[in-house]
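Asks: What follows is each chain in one-letter form.
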Amino acid sequence: MSQMHRRQLLRAAGVSISLPFFPSLGIRSASANQRSPADAPKKRMVCIGNMLGFHPEAYWPAAAADDSMTGLNEYRDFELNRTTAPLQTVRNRLTMIGGLDHGTSGGHFSIHSFLSGVRQIDAKSMPDANVTIDQYAADHVAGLTRFSTLTIGSESGIHGGCQLSWTRTGTRVPPVPGPEQLFKLLFEGTSEQDKRAVADRFKFQGSILDMVKGDADRFQKQLNQQDRDKLDEYLTSVRDVERRIGLRRNWLDVPKPDAPFAAPKNRNMVEDLPLLYDLIALALQTDSTRIATLEIGGDFNPRDLGVNGDYHALSHHGQLEDRIEALITLETYQIEQFVRFIDKLSKLEEGGQPLIDQTMVLFGSGMGNANSHTNTNLPVLLAGGGFKHGRMLAFDRQSKHRPPLTNLFVSMLQQFGIETDHFATSTGTLRGLA
Amino acid sequence: MIRPLRTNCLVACMTVIGSLVLVPLCHTSQAEELPNEAAKAFLNKYCVDCHTADDPSGEREFETLNFSDDHWDTQLRLQEIVDQMSLGAMPPENADQPTTKERLLAIKQMTQTISKMRERTISTGGQSVLRRLSRREYRNTVGDLLAIDMTMFDPTIEFPADNLANHFDNFGDALVTSGYLLEKYLEAADRCIEKAVAPQSPPETNEWVFNSGFIQQQELSRAHQRAFDFKYMVLYDHPLNEKPEGAYGPLPKFNSGVPVDGIYEVKVLAQALHRDSPYNEATIAIDLSEPFRLGIRPGDTANGDMVHTQPIQPLLAEAAIKDNDLEWYTFRVPLDKGFAPRFTFENGMHDVRGAYQRVFRNHKDTLPEDVRRGSGIVEFRNAVIKYGYLPQIRIHEIRLSGPIETEWPTRSQRLLFDGDSFDPERAPELLRRFASRAYRRPATSEEVAGLLAIYEGRLADGRSPLDAFKDSLKAAMCSPSFLYLSPPDDSQDVKLSDHGIAERLSYFLTSTMPDPSLRRLADEGKLSNVDVLRSEARRLLNSDASDAFVADFLDSWLNLRALGSMPPDPKDSRQYYAAGLEPEMKQETRLFMRDLITRNASVLEFLRADYSFVNRDLAKLYGIADQVPADQAADFHRVRYANAERGGLLGHASVLTVSANGIDTSPVIRGIWLMENILGSPVPPPPDEVPALDPDVRGAVSIREQLAKHSESAACNQCHRKFDPLGFALEGFDPIGRKRAFYDAKRNIKIDTSGVLPGGDRFSGPEELRSLLLERKEFFVRTLTSRLLSHALGRRIESLDRPAVDRIIAQVSEDEYPLADLIVAVVTSELFQKR
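Residue numbers (the working numbering), protein chains in the order written: chain P, 1 to 434; chain X, 1 to 835.
Quick caveat, the hints were computed from the structure, so don't treat them as lab data. In this text, a Cβ means the ideal position worked out from N, Cα and C, and glycines have one as well. Fair warning: there could be bad hints in the mix.
Stated by the list, open to error - In silico DSS-like pairs for lysine-lysine, Cα to Cα no more than 27 Å straight-line:
(1) P:Lys221 - X:Lys195
(2) P:Lys195 - X:Lys195
(3) X:Lys495 - P:Lys195
(4) P:Lys203 - X:Lys184
Said to hold, decoys possible - Covered, in the sense of this in silico footprint (three residues per stretch, anywhere, with C-beta under 8 Å from a C-beta of chain P), are these stretches of chain X:
(5) 156 to 169
(6) 295 to 308
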């Protein structure tokens, strides 16, 4: 019965959309020598996290003998497990990563640190607080797209839901609650009045920048050579901001893309999940954003899949078989929808290249095993983005040299085009990924 | 690739230049070249055979290595050679081997050369580089410039963290400006000015009463509904819990907070319950000997949910709550628009979530029979909250009213308008006034013209005169004249102007812009007069404004800013979290330094004092709880140590925590910390390939034995003998500064705090080490003086500054270096007035 129900859902939600690709804005950087994100090839990032992880026994491929001295085994011919079986059709587009975590504990509270590696309670002691990878990357591409990032999810669920996105100030990015609101953001035009207010603000900021350039120029005569180099830093910043404002101002006049279908209404997370993925794909395809984050949280209600029980309660299955079966049904559904998303990104093209090759997709959870409330050995999948795929990287959990999961984030940020060699607790890039 | 800090590495193998406890620092003058003959001969004899350009098997070539070229590349190559030789990895086994003496001499010469090169490449030539306000300076400055209350307003919260150089956050060359930061400046200026000019009409006073429907966090709802139908707000956990439950009591249906900035009166009808709880301490993890303290911390739904920790939540007020008897408590607290008060149990339980289960495990008999069979956290919670004896603060009613004592127009408005309201006729004059304050010197006509152009442009855009005025103030706050400290008037000048001196003095001693009387002296051109400067320094030092100096200087000098970046294991150090020890540890060190300033006492007290300032949490940590009464637990008291083991800075929990790594101590890390911050001898990093020691507290191996092992290597020992002993002296203190005699819980591995300094002086523990340090007090005094100068000038103190540093010290050496006099001597020194 539940199978049947699910198939109906997919048909209903699986709208196929093809849009002409959004014309590039063709904006050149202010200074020809300065390489800026605007000139670089487009990179995109999608992070997806669920609230309760995956039942490990049904998720992980059967363990092979650890025969490495390095604490890392790379497998190509691994057999997928029950929950992960749907990955078969896209397995060459992704890498399964096992054995990593953030070294934190805290049960459900650690879900919040899945994308940061830093618990909220430790945020104060970190230079960039508990900033998450999506928000960190967003700072880098601010102004290039209409939205520098979109976070979609819900507040409900134990301890306030997934809470996946955090800024460098240690505050949470409030999520767009559902397809209805996301659709509005992506396709509905801004009122003339709002547009005028924003345009006025840009104009004002532009005149401030003109004025301060004058102030800086008059400053020069007081400075010796090393001071001048410092002031150049300021002047370069002024030019950089002018460029960013220019980009943003352009977005004001660019009409939003046409809506590919009628505005949807929010239903429930189970039914909305495929639609949310479709809207994210559209957001990327129309270059409305380069970065999206999806929280699959506590409002994911098993009943909508025809399964009895509460998601959180089921995750504490206590080894009862029927509960585990129910849980596997939910989890398989989540994997299937992820596969559908990857498939979709593979079929969309930009510049003769599948969109998936420019889009790195991270899928996983801050929960390793919800039944025992552990945050170790997190389920992590990395798809697309131009990485080498079709394999499993299994890190030895006992190894002293096991890297933190944040090393994966450093690798992702570098692939995204950001020159950084660290992120939160990282010790380098992720071994074996390149 | 940036080389990571190797603080976790227990092996360091480079010679420390001119350092060491026993040898006086011998600084070579800048021009002098080091002899490298032995090193060059060594390379020629043992290395160049393979490492030539035409032999690829050597992978690197040393023929072109030029010892007088400072380039980074040379430094990296030399460092690599030193590392390989220290490890004994080179020359390879099958090649000719140098004698140990040859090897050590070559290593020594090369490391000295590298250190010298490094100093030269980062040198700013004994001058401060044009520097912008640091994040903390910006925040303090806008508070004073606009007369706004900064308790819960932080316009810098989105600024990127400032780069640190030797722990200092105010070095001009290290402080960078980026496009990202400039965008944040634009946003911050907007927020600050809008806040300063609001509200537009006199605020009305309101009263809100809350006496039912106290719905707290979701997890508690079922239990609170069953137990008392939300009639009370009940607080259990202390606010710093990892998984706070009942730690923050929000006001029901008051999520949008107060409507306007102001002082509000909060009346709370409350009682403390179950301070006589029958549960043992392991179950409820709380100190029942202290009266329960109710706190008020602000919360804003824009910053996070109201029942969890938020990024801005200073403790606004606190009171001890009477046991059992219901009583009204009245507080006056500042609240910014949008913030609501939240109620906290400041010395509450640690982990009430675990306590539910522990009550079932340890005290089942205290529960009614029909609930004893419960299982799972939900049933445990429901039962224990309804029938148990959890220590708690129970609030029955809350009355919030305000704003009270409103000033209208506000102080900010009167300051910006120079009157009760904005008069567009006076716009040019008001802009000149504001810019001259913001820029900390008279604004030039061109600058004022620029601001006026903004004003008129905004009028032309259709903005109201007041809005246009606000916009031009925002523009001033993005000008380099506001963001950067004033350099001398001409590029050829070395001496600062009077306004430059005033600015330097105020950012040194008050961490903010000059106050009106200092500014007046600058305007009158009187600060070049050393007597005037001296009396201004004394005035500021004696005022509360210099508390910011004490706090910021200690953060930079002792790296106390890093406190908290290596949090200890919550299991072993519950106290650390339960008591919120971090700020208290800092407070101890601040009060200690403040006291030295007030008494103008000797800086040597930093090393030898047998007293300190502690509250009850710290007293408990130090094992002297009897010296601080339970009913004055939150106050800091001056205490004297009977036992000389703990004393001076080296006994402060702040220092002991920041020089450990949180989880375990390391004599190497603490030793290096002492070398750098107390003795002023920088320690070069260890070779990259040396693995960190793995602390092993299970068996018979102590860290001393592990270190002894690798000290058998002559190359390693060359450095380790200099700092390991210093660290050993402090091994009697655990990672958060508690005394200990054994490493392990089973008391098998005894701690040995004795050591031998490189010159042969022996000590048995911290007390004797302190005496040996006092015998070499010049090192400490010079370190402290250099750090004070660094903080004042915003730059590194280099070897060419040595004569100036010595002249400062000479002025105060007679009376054992009184601290206030030393600080004043820094201000009146020739360096202070120079670029």
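Asks: Please list, smallest to largest, the hint numbers that this structure does not respect.
Replies: Per hint list: 1, 3 violated.
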